[in-house]
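Fit chain B to the supplied structure of chain A, relying on the hints for placement.
2 protein chains.
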Amino acid sequence: MKAIITALLLAAAGLAHAAPNNASPIYGVTLPDGYRKWQFIAPAHETPPLDELRVVVGNPVAMAAIEKNQLPFPDGTVLVKLAWKHVQSTESPAAYVPGAASTVQVMVKDSKKYASTGGWGFGRFINGKPADEAQHQTCWGCHQALVKNHDFVFTRLAP
Amino acid sequence: MKAIITALLLAAAGLAHAAPNNASPIYGVTLPDGYRKWQFIAPAHETPPLDELRVVVGNPVAMAAIEKNQLPFPDGTVLVKLAWKHVQSTESPAAYVPGAASTVQVMVKDSKKYASTGGWGFGRFINGKPADEAQHQTCWGCHQALVKNHDFVFTRLAP
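Residue numbers (this note's numbering), protein chains in the order written: chain A, 57 to 215; chain B, 57 to 215.
For reference, chain A alone in the conformation it holds in the complex:
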């Protein structure tokens, strides 16, 4: 009996390690610590239906690669895209500013772990929780189709 309980506990611990409930389906990507303070790469405006303002930030590995135009990005690169609803300013009506946060999306470079998806693992988070598997099945196809000549990354450094 004791052996069975021990085996069950070990199995449970193993499952928890393999797929923590704050990690993205398919890829197992989590939100990196401290990303809100990372250096920004560029902003973007996504028209409706998404209707968002966005800022992409990079960790130090990403920024070092970008500074020397290094492609493909090295292992350890992490890119995070923050997004908010695109809302008209009440104080300056010609301007649109961030409304409620919508998604936070993460790309992690690990050329071995993610060899079948260009070396990138993807994560999409809403209120800090990973989106479902169906949403994560859409990431790679789009990045692969549209930006294969830029190591599957849309964002370029804003001058």
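Mixed in with the good hints, there may be bad ones.
All copies of an identical chain are treated as equivalent in the list; a pair is satisfied when it fits inside any one copy or across any two copies.
What the hints assert, rightly or not - Pairs of lysine-lysine, BS3-like flavour, derived with a Cα cap of 30 Å:
| id | residue 1 | residue 2 |
| --- | --- | --- |
| 1 | K124 | K169 |
| 2 | K124 | K93 |
| 3 | K185 | K124 |
| 4 | K124 | K141 |
| 5 | K169 | K141 |
No wet-lab data here; the hints were simulated from the structure.
This is chain B only, laid out in the frame that chain A set:
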């Protein structure tokens, strides 16, 4: 003669110190070193005729104040707004991304030096050079009229 030359040199040095040619008219604000790597506060989208994407960043004094909701901003605060033309992405047509850089605008808090303008000095730069005096005469009136309840600063921290 020697005394006259010395006096002229001193006067020239004094003028150069008072208004270096990379400083804004009226305020004498210069572009701060390293601002491109500062933490971002928020993005914005300015509709035509300006037609820009923008990111506002803050120096460490600014970010510390923002984290604790400190108003007015303390002396030493520097805010920088980077702006680019709002250009449709060729790779993802629903998105607009940064085109050419347009202006870089700076606000510096010094409650004594800039006492007559809410404690703020302003600088607007195009290709690294300060814009003319007429442009700088517009800064304070607009900030004073529209955002006096937020220490004359439009930008809020994006969540």
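Consistency of the hints with the structure:
{"no.": "1", "hint": "K124 / K169", "in the structure": "within (25 Å within a copy, 40 Å between copies)"}
{"no.": "2", "hint": "K124 / K93", "in the structure": "both (22 Å within a copy, 15 Å between copies)"}
{"no.": "3", "hint": "K185 / K124", "in the structure": "between (34 Å within a copy, 26 Å between copies)"}
{"no.": "4", "hint": "K124 / K141", "in the structure": "between (33 Å within a copy, 24 Å between copies)"}
{"no.": "5", "hint": "K169 / K141", "in the structure": "neither (33 Å within a copy, 38 Å between copies)"}
Checked against the numbered hints above, the structure violates only hint 5.
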